[in-house]
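K.L.:
Residue numbers for the sequence shown follow the working numbering, beginning at 623 and rising by one.
Errors might be hidden in some of the hints.
[To be verified] List of simulated lysine-lysine pairs, PhoX-like, C-alpha gap at most 20 Å:
hint: 1; residue 1: Lys778; residue 2: Lys790
hint: 2; residue 1: Lys702; residue 2: Lys683
hint: 3; residue 1: Lys768; residue 2: Lys778
[Unchecked claim] Computed beta-carbon distance windows for the label pairs:
hint: 4; residue 1: Gln699; residue 2: Val750; range: 14 to 22 Å
hint: 5; residue 1: Ser625; residue 2: Gln699; range: 38 to 46 Å
hint: 6; residue 1: Leu741; residue 2: Glu704; range: 20 to 28 Å
Derived by calculation from the structure, the hints in this document are not laboratory data. Just so it is clear, the structure is predicted and the values come from calculations on it, not from any experiment. A virtual CB, placed ideally from N, CA and C, is assigned to each residue, including glycine.
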Amino acid sequence: MRSLFGLLAVVTVASLYLYSLSLHLPAGPRRRAVPSAHAHGEHLDTADESAHNTEEPSRLKFPSDLEELRELAELLQFYKTEHTGYVLLLFSSAYLYKQSFAIPGSSFLNILAGAIFGLHEGLLLTCVLTTVGSTMCYLLSQAFGKQYIVNFFPDKVAMLQGKVEENKDCLFFFLLFLRFFPMTPNWFLNMSAPIVNIPITFFFFSVFIGLLPYNFICVQTGVMLSELSSLDDLFSWQRLLQLLAIACMALLPGALIRHFSQRHLKLNVKPAQNGVITDKKLQ
Numbered sequence: 623m624r625s626l627f628g629l630l631a632v633v634t635v636a637s638l639y640l641y642s643l644s645l646h647l648p649a650g651p652r653r654r655a656v657p658s659a660h661a662h663g664e665h666l667d668t669a670d671e672s673a674h675n676t677e678e679p680s681r682l683k684f685p686s687d688l689e690e691l692r693e694l695a696e697l698l699q700f701y702k703t704e705h706t707g708y709v710l711l712l713f714s715s716a717y718l719y720k721q722s723f724a725i726p727g728s729s730f731l732n733i734l735a736g737a738i739f740g741l742h743e744g745l746l747l748t749c750v751l752t753t754v755g756s757t758m759c760y761l762l763s764q765a766f767g768k769q770y771i772v773n774f775f776p777d778k779v780a781m782l783q784g785k786v787e788e789n790k791d792c793l794f795f796f797l798l799f800l801r802f803f804p805m806t807p808n809w810f811l812n813m814s815a816p817i818v819n820i821p822i823t824f825f826f827f828s829v830f831i832g833l834l835p836y837n838f839i840c841v842q843t844g845v846m847l848s849e850l851s852s853l854d855d856l857f858s859w860q861r862l863l864q865l866l867a868i869a870c871m872a873l874l875p876g877a878l879i880r881h882f883s884q885r886h887l888k889l890n891v892k893p894a895q896n897g898v899i900t901d902k903k904l905q
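Given these sequences and hints, build the entire structure.
P.N.:
Set out below in structure tokens:
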């Protein structure tokens with residue numbers, strides 16, 4: 623019971639911090655006057671501009687579809703012109719919040735990173751935040767959630783424990799395989815890793831490397847969406863070749879890991895009739 627109260631306290635503090643951060647937006651950059659107002663010789667006064675800015679914080683929320691994602695990207699791009707530090711802090715805090723508490727929707731934030739920060743900065747940022755956030759989830763599970771995870775998912779934990787034991791001689795490559803070809807969801811692997819005795823160093827670097835192709839695809843998608851002015855641009859030869867290159871780059875690491883797994887990893891664990899566990903290598 624003490625661990626449950628501790629976890630609730632951490633979630634509450636983190637939620638209040640993120641909520642307060644989203645409410646206290648800095649003053650936005652000066653917007654250009656509306657063209658129709660110029661036509662009549664009118665200008666936005668200070669009160670109207672202030673009222674307009676106060677409406678912006680209500681739009682700060684986790685996106686649930688592409689339309690909300692595009693609106694949020696436009697808003698944060700607008701603020702990033704003069705408040706890069708604030709946008710970076712807000713994005714990083716929201717990303718770590720989702721990763722630390724295993725909340726679905728990180729793909730939208732990866733796409734948002736590409737739209738706001740570009741390919742190189744966005745990819746580096748998402749890889750670091752994914753790794754740090756997953757490690758925080760690992761530590762939270764280790765401190766507060768072990769008994770609850772075992773109680774709620776006994777079969778999945780037992781299965782993962784058996785596979786970890788069978789592949790302990792090449793554990794790091796087994797973890798990479800699980801990231802490239804998920805046999806169990808990433809959120810469950812993050813929470814159950816300390817329970818099945820996966821060292822935090824192996825866990826940390828396997829997340830950084832194993833989710834790199836996924837992060838790359840999402841970030842590049844965000845870059846492309848931010849550059850599109852119409853759907854016709856998506857089907858240009860340049861975009862199609864770009865998508866082909868992305869697919870090849872994303873599939874290459876997975877192919878190498880799969881080739882290694884066919885020779886060294888034991889992935890099919892089946893109980894025999896006499897109760898003895900028998901192993902079969904991936905065919």
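K.L.:
Each hint should be assessed against the structure and marked as holding or not.
P.N.:
Going down the list of hints, with the structure as the test:
no.	hint	in the structure
1	Lys778 / Lys790	holds (18 Å)
2	Lys702 / Lys683	holds (17 Å)
3	Lys768 / Lys778	holds (13 Å)
4	Gln699 / Val750: 14 to 22 Å	holds (21 Å)
5	Ser625 / Gln699: 38 to 46 Å	holds (41 Å)
6	Leu741 / Glu704: 20 to 28 Å	holds (23 Å)
Checked against the numbered hints above, the structure violates none of them.
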